[in-house]
Amino acid sequence: MTEPNAVISVRDLHMSFGEQHVLKGLSFEVYRGETFGLLGSNGSGKTTTLRALLGIYPTARGEALIEGTRFDPSMGARIGYLPEERGLYRKEPVLPVMTYFGQLKGMPAAVAEGWSRGYLEKVGLAGKERTRLDKLSGGEQQKVQLGVTIMNDPALLILDEPTKGFDPVNRRLLMSIVEEHRQRGATIVMITHQMEEVERLCDRVLLLKDGVAEAYGTVPQVQDQYGGRTLRIEFTGRLPDSPTVRPTVREQNYAEIPLPDGAPATGILRELLDAGVEIRRFETSRASLEQIFLQVYGERAED
Amino acid sequence: MNLSVHNVGRVIRFEVTRTLRKPTFWALSLAVPLLFGAVFGLVYFSSSSTESAATAQSEQRFDFTYTDASGIVDPHLAAAMGGREVTDGEAALADVRAGTSTAYFAFPAEPATQATRVYGQDAGLFDSGKYASVAQALIKASVAQRIGDPELATLAAAGVDVQASTYRDGVPTGGILSFLAPMVFLVLFYLSIMMLGNQMLNVTLEEKENRVTEMILTTIRPTSLIVGKVVALVIVGIIQGLVFSLPVIVALAVMPGLVDLPDVDLSALVIDPGRMVVGGLLFGTGFLMFTGLLVAIGSVMPSAKEAGSAFAVVIVSLFLPFYAVAMLIAEPRGTVAQIFTYFPLTAPVTAMLRNAAGALDWWEALIVLVELFVFAAALLAVGVRLFRTGSISYNARLDVRKALGMA
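Chains as they are written, first to last, in our numbering: chain A, 1 to 303; chain B, 304 to 710.
No lab work stands behind these hints: they were computed from the structure. Where a beta carbon is used, it is the ideal one built from N, C-alpha and C, also for glycine. Only true hints are included.
Derived contacts from chain B toward chain A, CB cut-off under 7 Å, selection only:
no., residue
1, Asn310
2, Arg313
3, Arg321
4, Asn513
5, Arg514
6, Glu517
7, Thr521
8, Thr522
9, Ile523
10, Arg524
Sequences are here, hints too, so could you generate the full structure?
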């Protein structure tokens, strides 16, 4: 049964490419005004899900609905989509391309042009309105691409790896723009491999594995579902090789060690002290999404 | 208004504007008529100067010897032109070789079928032509002298002007003059394909190569995008055609005799409305089929480079009937003509040729038109479907069977 507040409803979605079954009965919903993270290793079916949702791939079985109906390009006026494989008309100047996309989204030419000028100024591209896109740097092209995505104040933003190709400064700029839309009430669906962004921005997440939902819910729900709590320690010395001390994150003087269900941290701490490890600082917390990600996908996530 | 329909107009405007904004478009468009103008100018002035040079050469006076086995050459005329008849040809030739005589002409027994030999002192590449010119002038003047009657002499020299009239079922058929008007559609078809073919191929490739497909397909239906881009191309083609033809029109206004066709009086052109309508429809459906085919090819191929080889095959198939044009005209209802008429790729050119020649029955025209229209619609539908799936197959050639859901 569809939640009345659902902007996106995916039910029992199956997708195949020849003999390869990419999605196997996937179901989830995205609610109005929330930021939703679609997570998974490469090839887990995230992009295919979005493409099916946006009608780029025909669905073999099941439903992928936006506002209760199958996607139609006429709905594109209020949807901003930043695909994983992205580009614009490279041989054309920035402003005419942005204006064109604004018009395709239903904006009058003058409004689209005015909005584009304002956006270019905001992202530090003022004066490059007449520059051909292929003469811009990769990061600058990404900014133009993002501008095209958020034109016409979309009510639904679908971002497939939005920070891919951005340096840290521009990543922050991009995320602040996304945050602005979130605060204005836009629904945001985001595919990303940046787990700290997911923890900071997303209300709910879906972890896809081999075309099925491995975990689905709010970030704390997923954290509770996976691994429970974690012991984080800063230490000097050598961690013992023990069946209970199995760090998922291990750096020079820092480690994250999952705690067995219901077990207190004191047991492991005592074991570490007995092994001669000097513990400078410790805390227990839920498992980070990155830990969960590593736990779910193992080595495949590094592909 | 429906946003998608409205967007077709926006696609057209964007595509036309961006093409017309490019200096390369104008440079290339103007280069063609300028090039043609330069070549025509060269040919025109070269013809004029060649003609006047030939006249001047034939009027040149120099001393020469000649032998006349035919007995046609008038000795008085020859003497007036500087000629002296000799009996020993070998000696006359030896004199020329030795440089003691300027030229020697050997008129054969039958000048109508045998070559007249001309020997002379080398006077350079162009001036040496004076020997042949004077020899020809001498024999022509001698023949005219023999005929006596100036009108008969002119008739013998210039030939007879014949105007033929033919009839079918009691109605004048117009001959070559009725062939020319409907052939305009074949010329238009040829020019359209030459001018727009590569761009048609790029209609779908550009979005794919620029990785812009996914973004654009969320704002516009693929059919609307493709229709918009094709219409824009046609508009650009018409503008380019006007740019091409404007200098020609100006040149014709300035020099009306520039394109005089031998033995064809354009004012007597016969325009058969039936053939013109069929020709126009064949042009339209042929162009539509061609468009559908290129859209489909562009959707399957990952890049313009790879699409180019498929495009070449299409072009060769389309214009294959030109290689058999003599057979198609001579036997318009022969087996080859029938095969070419109904095979979709060769149908437009063959049917247009046969229609122009008045050898395409109405029911044949109807079959070809329906066939081309159905084929074009099917190709466009397949092309749009392939574009939707194929255009996000960025790096590899699309598996058509998979894309069409057959595998």
